[in-house]
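K.L.:
Single-letter residue listing:
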Amino acid sequence: MALNKSDVEKIAHLARLEINEADIPLYANNLTNILSFVEQMSAIDTTGVEPMAHPLAASQRLRPDIVTETNQRELFQSIAPQVEAGLYLVPKVIE
Amino acid sequence: MLHNKTIAELSADLHAGEYSSEHLTRAFLARIEQFNPQLNALVTVTAEQALADARVADARLKAGTAGPLTGIPLVQKDIFCTKGVKTSCGSRMLDNFIAPYDATTVTKLKDAGMVMVGKSNMDEFAMGSSNETSFYGPVKNPWDTAAVPGGSSGGSAAAVAARLAPVATGTDTGGSIRQPAALCGITGIKPTYGRVSRYGMIAFASSLDQGGPMARTAEDCALVLGAMAGFDERDSTSVDMPVPDYRATLNDSIQGLKIGLPKEYFGEGLDAQVAQVIEDAIKQYRTLGAEVVEISLPNTQLAVPTYYVVAPAECSSNLSRFDGVRFGYRCENPHDLLDLYKRSRGEGFGPEVKRRIMIGTYALSAGYYDAYYIKAQQLRRLISDDFIQAFKQVDVIMGPTSPTVAFNIGEKVADPVTMYLSDIYTIAVNLAGLPGMSIPAGFVGKRPVGLQLIGNYFAEARLLNVAHKYQQATDWHDRVPEGF
Chain A
193 MALNKSDVEK IAHLARLEIN EADIPLYANN LTNILSFVEQ MSAIDTTGVE
243 PMAHPLAASQ RLRPDIVTET NQRELFQSIA PQVEAGLYLV PKVIE
Chain B
18 MLHNKTIAEL SADLHAGEYS SEHLTRAFLA RIEQFNPQLN ALVTVTAEQA
68 LADARVADAR LKAGTAGPLT GIPLVQKDIF CTKGVKTSCG SRMLDNFIAP
118 YDATTVTKLK DAGMVMVGKS NMDEFAMGSS NETSFYGPVK NPWDTAAVPG
168 GSSGGSAAAV AARLAPVATG TDTGGSIRQP AALCGITGIK PTYGRVSRYG
218 MIAFASSLDQ GGPMARTAED CALVLGAMAG FDERDSTSVD MPVPDYRATL
268 NDSIQGLKIG LPKEYFGEGL DAQVAQVIED AIKQYRTLGA EVVEISLPNT
318 QLAVPTYYVV APAECSSNLS RFDGVRFGYR CENPHDLLDL YKRSRGEGFG
368 PEVKRRIMIG TYALSAGYYD AYYIKAQQLR RLISDDFIQA FKQVDVIMGP
418 TSPTVAFNIG EKVADPVTMY LSDIYTIAVN LAGLPGMSIP AGFVGKRPVG
468 LQLIGNYFAE ARLLNVAHKY QQATDWHDRV PEGF
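As given, the protein sequences belong to chains A and B, one line each in that order. Residue numbers for the first sequence follow our numbering, beginning at 193 and rising by one. Residue numbers for the second sequence follow our numbering, beginning at 18 and rising by one.
Think of the hints as simulated: they come from the structure by calculation, not from any bench. Where a beta carbon is used, it is the ideal one built from N, C-alpha and C, also for glycine. Do not take every clue at face value.
As the list claims (entries may be wrong) - Derived, one-sided and incomplete: chain B residues facing chain A with beta-carbon distance under 7 angstroms:
(1) 117
(2) 357
(3) 360
(4) 362
(5) 371
(6) 381
Start from the sequences and build out the full structure, keeping to the hints where you can.
P.N.:
And the structure:
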């Protein structure tokens with residue numbers, strides 16, 4: 193299947209990626225090639241095959257519900273782009 | 018020459034007091050200073066901390082509390098979080114990221130007394146097979162600087178090949194330890210999924226990612242893997258099984274070992290000269306007493322297409338954490354929250370990472386999920402079952418690691434699908450979660466060829482043994498690239 197400009201724009205929006213207008217044709221072409229390549233998968237009948245999400249047939253381990261981590265807010269916020277009074281700052285969301 | 022010694026040899030010298038870890042560390046730091054500018058293998062050099070760590074190692078050696086890895090210099094792939102040290106993952110997104118904690122692998126190797134001298138260049142977020150997607154520029158292959166070193170652990174492979182360190186860590190999601198090991202003429206092992214903790218190893222595709230050592234010999238890999246492996250409660254898919262002494266079984270007999278050669282690994286697409294090198298290596302194994310049988314892994318052709326749905330799907334989810342809010346790159350003057358997300362990610366990620374995020378987003382989106390993601394997971398089952406069947410007949414599977422020797426820098430960048438196909442023999446191993454290795458087996462011209470060994474689940478000790486026996490009988494792993 194061939195992706196067009198608006199397909200790429202839609203996918204980029206879903207992925208929260210800004211793509212330069214000038215680069216869209218190249219992405220459309222690359223993504224179309226990759227999708228045509230993976231299209232080979234549809235030639236194989238997989239009726240009744242159980243999907244494999246994980247290499248080891250393991251279920252998620254649970255740990256006791258007790259506090260194991262100490263608060264390291266200052267350390268973690270020391271590498272944040274913008275913080276104030278212990279809060280991460282982003283542009284205004286609610287008017 | 019110190020830099021040509023293996024870890025086993027260096028360790029013996031350190032314990033005998035022939036020289037100090039500080040002396041050894043200075044020797045490797047000097048080589049890094051001399052050769053790294055032409056190779057671009059390391060993106061960060063931690064000289065000061067390394068010398069401090071070396072002096073601590075020397076104190077342990079004097080006090081008699083040192084282990085076999087104490088005082089041995091090491092390069093960490095820049096995907097492993099290192100507390101207080103920049104951890105870029107080859108990306109502009111993390112160019113300003115100083116990790117606030119150590120990955121479990123980093124902690125374990127520190128505890129063993131290893132001395133980190135620096136962090137290696139890599140494809141951005143481990144997405145690439147040539148190291149050309151790095152924000153910091155491509156790494157050069159020490160065997161031929163016109164060639165790529167492979168990827169994504171290309172900086173680690175080039176560093177070990179050029180003797181900038183005796184060992185480096187790597188990670189392997191679709192071949193990222195084995196393919197660069199092959200292309201740079203070194204030894205690398207990707208353990209069974211779950212064997213080495215993924216905690217603090219920046220996630221690309223969580224059901225495929227696995228860390229492992231890259232060194233010159235199987236014996237050195239055995240030593241370092243022994244220190245890296247083991248259960249970690251901080252990794253929810255870590256396997257709680259004892260770690261064997263991988264070194265203890267290196268010399269076990271391989272008389273009667275059954276080697277399976279998948280006919281699909283020797284067909285169209287395999288370079289004829291690479292095929293010849295691999296056939297010669299198999300002959301060597303026959304001489305060593307192994308039996309060789311042809312096997313079939315019928316779904317081999319589906320591995321790359323399946324991988325390019327599964328891995329991007331997982332990556333699109335994992336990389337959603339890079340949003341410009343809590344750490345990493347943030348765009349200038351965002352006018353609202355959506356703009357902050359989109360431009361931080363659009364400017365912070367390079368083209369290959371963006372392609373994979375978009376493929377994954379598409380494959381997981383409403384209306385396409387069954388056709389792509391579920392379908393790929395079903396094929397993953399079939400690919401995995403092929404190996405389960407094969408291991409009923411054979412002990413180890415062998416073939417080429419890569420269909421060609423290292424290609425030229427720039428040769429495949431314009432065509433992502435062609436690049437993806439360079440991992441055709443390695444990818445299925447990750448989908449199945451099996452352990453795999455690459456060992457040097459010869460050359461085509463100046464460029465090295467790797468022999469791939471694939472083992473059954475948790476058969477790392479057997480793989481290392483089988484590799485070691487070959488290295489006792491051959492000297493491909495001892496070759497040094499000219500000029501280094």
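K.L.:
Against this structure, judge whether each hint is valid.
P.N.:
Against the structure, the hints come out as follows:
1. Interface hint at residue 117 of chain B: satisfied, since its Cβ lies 5 angstroms from the closest Cβ of chain A, which is below the 7 angstroms cut-off.
2. With a least beta-carbon distance of about 6 angstroms to chain A, the hint placing residue 357 of chain B at the interface is held under the 7 angstroms criterion.
3. About 5 angstroms separates the beta-carbon of residue 360 of chain B from the nearest beta-carbon of chain A, less than 7 angstroms, and the hint is met.
4. Taken as an interface hint, residue 362 of chain B checks out: its beta carbon lies about 5 angstroms from the nearest beta carbon of chain A, inside 7 angstroms.
5. Evaluation of the residue 371 of chain B hint against chain A yields a held restraint, the C-beta minimum of about 6 angstroms falling below 7 angstroms.
6. Given hint, residue 381 of chain B at the interface with chain A, is violated; its Cβ is 9 angstroms from that chain's nearest Cβ, farther than 7 angstroms.
Of the numbered hints given earlier, the model fails hint 6 alone.
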